[in-house]
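Sequence lines, in order, name chains A, B and C.
Taking our numbering, the leading residue of the first sequence gets 4, the next gets one more, and so forth.
Taking our numbering, the leading residue of the second sequence gets 251, the next gets one more, and so forth.
Taking our numbering, the leading residue of the third sequence gets -15, the next gets one more, and so forth.
Check before you lean on any hint, since a few could be wrong.
[What the hints assert, rightly or not] Below are the DMTMM-like pairs computed for lysine to aspartate or glutamate, each with C-alpha atoms no more than 20 Å apart in a straight line:
1) C:Lys23 to C:Glu292
2) A:Lys34 to C:Glu16
3) A:Lys34 to A:Asp44
4) A:Lys184 to A:Glu165
5) A:Lys184 to A:Asp273
6) C:Lys23 to A:Glu165
7) C:Lys23 to A:Glu285
8) C:Lys249 to A:Glu51
[Unchecked claim] Derived Cβ-Cβ restraints for the label pairs, each shown as a range:
9) B:Phe531 to C:Tyr27: 40 to 46 Å
10) C:Glu177 to B:Lys444: 45 to 51 Å
11) C:Tyr246 to A:Gly65: 30 to 36 Å
12) C:Glu302 to B:Asp561: 50 to 56 Å
13) A:Gln281 to B:Ala544: 51 to 57 Å
No wet-lab data here; the hints were simulated from the structure.
Since we're looking at a predicted model, the values are computed, not measured.
Yeah, the Cβ is synthetic: ideal placement off N, Cα and C, and Gly gets one too.
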Amino acid sequence: MAEVIMPKMGDAMTQGKILAWRKRHGERVDKGEVLAEIETDKVNVEIEAESSGTLHIAVPEGQTVPVGQVIAYIDGPPAQAPAPQAATPQPEAFAPPPPAPAPAAPQPSERVKASPLARRIAAERGVDLSRVKGTGPGGRIVERDVLAYLEAAAAPAEADYEDLTPSRMRQAIARVVTQSKQQVPHFYVTTEVDMARALELKDQLREALGEEVRVTVNDLLLKATALALRRHLQLNGHVREDGTFRRYRRVHLGIMVATPDGLIAPVLRDADQLPLPQLAREARRLIEGAHAKRLRQEEYAGATFSVSNLGMYEVTQFAAIINPPQAGILAAGRAQERAVVRSGQVVVRPVLQLTVSADHRVTDGAGAAEFLVEVKRLLENPILLVL
Amino acid sequence: MAEMTYREALRSTLVEEMDRDPRVLLLGEDIGVYQGTFRVTEGLLERYGPKRVIDTPISELGFIGAAIGMALLGLRPVVEVMTWNFSLPAADQILQNAAKVRYFSGGQVSVPLVIRGPNGAGVQLSAQHSQSLESFYGHFPGLRVVTPATPADAKGLLRTALRGQDPVIFLEHAALYGVKGPVPEGDYTVPFGKAAVVRPGRHVTVVAYSRMLHLALAAADELVREGVECEVLDLRSLRPLDMDTVAESVRRTHRAVVVQEQWPLFGAAAEVAAGIYERCFDELDAPVERVTGADVPAPYARNLEKLTFPDEERIAQAVRRVLQ
Amino acid sequence: MQHLQPVTVPVDTLLEWYRTLVFCRRFEEQTERSFRRGKIGGYLHVAIGQEAVPLGFLSTTRPDDVFFVSYRDHVHTLVRGTDPGAVMAELYGKLGGTCKGKGGSMHLFDVARGNYGGYGIVGGHIPLAVGAAYALRYQGTDRVCLCFFGDGAMNSGALHEAANLAGLWGREGMCPVVFVVENNRYGMGTSVERASAVPELARRFDAYDIPNERCDGMDVVTVYEVARRVVDQVRRTGRPYAVETLTYRFSGHGAADLFQPYRDKQEVERWRQRDPILLLEKRLREAGVLDDRTAQEVASWADRRVQEAVAFAEASPEPPPEELYRDVYGS
């Protein structure tokens, strides 16, 4: 007895179909005679008898069987081999299609956008994310939003306080000013400036240049500061980590601008070189740009000294914190009418109080005073600002 | 600790290991008489003779294949490829023989082979000579792929390579040969598959390797002024890849930027990013950002080339995006 | 039929070779049957008709010599003495195989017997053999390396780069490698004449200053005589040598090469007149040491041994799942 198998005829062949038996069941076959034609994935091939004897077909035509399976015997099947059966197709049982599932109640389909971290915290703390307002890109709920929601929810309804999580920017500012105040030895020098002629100049410039340019007191202050720094470069630079002081040859003023998110300082480059009209235009562009968040990152970088002006408020005088690694900052209040003595007479003049905060590692009281007195001299002789 | 260049670190390690182990020998184009294109093998022909320092013809398929045969017979060949671009004619040898022969022999043989040389781009060498092949080789099991960024790691990783049992794709960078740094003396090794936290920080994890590490550190310096503290990781080896250290960092920072010089598709950064998603999904507060080379063959023109490869500012911008 | 060289080999050895050739033939035929039954997967390249080349060459080597082979590697492995059960088990993908079932037909290894393996990329193993030969001299030994490959590999860059290196290193006596070209006339279905601008393959080694010659690859005695002289010379000089053996495969390129449209049956029949088993049988009958009864005994012995190998392979367990990640790295 010899087995005839479905042969593997190709590297990837796993099954084959018997297209036709060339010999009948029970017929005598000789070694080398063609027994059947089979169909593989690539080609049709004939299989030959490997020995002589009587053919006993085990698998009928038309059937597909795996490689290696016995499809016939030569010289008798084993006793238990089944007789061949015609491949009778199973009648397909008719069954109605399953009923369509009942339409589910409409679900709120708005997917909440939240970061995985925010989702995890929300799940752990039982927060319904649909009630949290997202402040990430595209309104994504991020960690801080869930934490803020939890803080708000934890506060008793009748509480007479609220705890606020500062914005990332305010947190950054907090770090910088804390570090500055802790590590930079500040000292302060204050003076008063008679602004009468400066205000006159401002009015004249407005008249001459019109609303389009709109020179402000702040512009005069920036110009005066820049020119004074040019003469007193001891405050124009950066304190470096190794304790050295890098004194810059160019004067770039940081203009402190208060926005709802916190203080930011766009940089007025080469402020000492700009004629007043250009300076006014550029300062306005920077301040408006800072409010509108449309300045580029590099427009905030590289200040050598800063100016903070609270003149728009009812503030007469204040001292500012230095922005490291700069070595100084000038703070201006609002010019106010004050009774002052001039040539032995009491007269009313607009007086501006200026305070410079300086890093004591870089300069001392005398140095800061020289700088401040120069600012004062320029503002009181404002023709020097337009020369 | 001695202060030395990346080049000196490589050369001194070769000398120390060749003095110690007679099985170590060198093959490559112009490594002997010419002293090596980047002078890593300077003076070695004189010191060890032509049987141990073999100047080969321009025939990478042949001599890399031969080096694999030497390794099979128990030697420890170190092949210098003049640049990794020239390894491609030998890719069949490296990928089909060196990487796999241990496996398909059922563990009967080892291929203790080191192939080293400059990988990467950035000096106007144009398309055929400017590319980073780490993910190409990193794709294949059986290879080790390492990318030292500092002189100390150049020494420590090379020594580990020379004492291991596996074929090592040792990717140097042409821009780094002159970089100086402290290098521990003596029998200093750096294990494969251990990333280094080069700069700790708490706001964002920046993952880099090879030349990109130096750019990432420069970007981190810049970002400090904005109050952003980057944790900068140097992968050091890509295969094995130390996702444990990366994941540990991201679990603290919740944000990640991955930097690579090579093309974006199917790159190392994509692999690291996928690993972060798999391990840290619930820790992420923003999608992982990739900073990669542009998806073009490297152009020659200086201005176009500058647009092609990552720089500090693009890394800083990516950090700002994940912090939004 | 061309005249056979006089017998210079002891009759006992010839008889032993006869047994080996018959056994290898029966083994290869069994692998084809096992493939058809789906017991062997992947590619299967048998060397039916080519057996005299590995037998002749490997009979001249010392146990400490090494060799590299293409993917048609079963016979080389068997004649080197590797257990047939382990070879069959490897083809069956079983743990008891030469490579724990992880290599298969194309990657038989037995490093303890100097068998540095079968390789599946045409020509890809030739540079390895050149480097291995260098290593043998570098280590101060007089061992030699044999590298077997087919006519198809003669047109691969790997052959030419490796041959150039062998020529260079051979000048210093640092490259004791024998290139054994098993020219079986066809690279798969493309004849040598259609593939090689210089069909006399041995001559192509002239370009690399490697001494070379052509020899009959069907008569094992001829192969042996050439191999003995060449291997001795290479061992003595440390210089490479190339031998183009003219042989023929009666089987298809692989088990899927069913119709062989590149050659006709008459050509195969002509070559069958020079079947290496037939040629050796003729010598033995002429010497009076083989008759029908002995031949029948050898055939039965060979069949039994093949069936033992199949039984071993069938009984051997599959590699356990933990084998999957083993042997990727060594350190």
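Against the structure, the hints:
1. Distance hint between Lys23 (chain C) and Glu292 (chain C) is fulfilled; the C-alpha atoms sit about 16 Å from each other, no more than 20 Å.
2. Proximity of Lys34 (chain A) to Glu16 (chain C) is assessed by CA-CA distance (about 18 Å); at most 20 Å being required, the pair is judged to hold.
3. For a cut-off of 20 Å, the pair hint linking Lys34 (chain A) to Asp44 (chain A) is broken: about 26 Å separates their Cα positions.
4. Between Lys184 (chain A) and Glu165 (chain A) the CA atoms are separated by roughly 27 Å; this puts the pair beyond 20 Å, and the hint is violated.
5. Annotation: proposed proximity of Lys184 (chain A) to Asp273 (chain A) is violated, straight-line Cα distance about 28 Å (limit 20 Å).
6. The hinted pair formed by Lys23 (chain C) and Glu165 (chain A) fails the criterion: a straight-line CA distance of about 77 Å is larger than 20 Å.
7. Taken as a hint, the Lys23 (chain C) and Glu285 (chain A) pair is broken in the structure, with Cα atoms around 84 Å apart against an allowance of 20 Å.
8. The hinted pair formed by Lys249 (chain C) and Glu51 (chain A) meets the criterion: a straight-line CA distance of about 17 Å does not exceed 20 Å.
9. Between Phe531 (chain B) and Tyr27 (chain C) the Cβ separation comes to about 42 Å, which falls inside the hinted range of 40 to 46 Å.
10. Glu177 (chain C) and Lys444 (chain B) have their C-beta atoms about 58 Å apart, which leaves the hinted 45 to 51 Å range violated.
11. Separation of Tyr246 (chain C) from Gly65 (chain A) is about 34 Å and conforms to the stated range, judged on CB atoms against 30 to 36 Å.
12. In this structure, Glu302 (chain C) and Asp561 (chain B) meet the distance hint of 50 to 56 Å, their C-beta atoms being roughly 54 Å apart.
13. Taken as a hint, the range 51 to 57 Å is violated for the pair Gln281 (chain A) and Ala544 (chain B), whose Cβ atoms sit roughly 38 Å apart.
In the structure shown, a violation is registered for the earlier hints numbered 3, 4, 5, 6, 7, 10 and 13, in ascending order.
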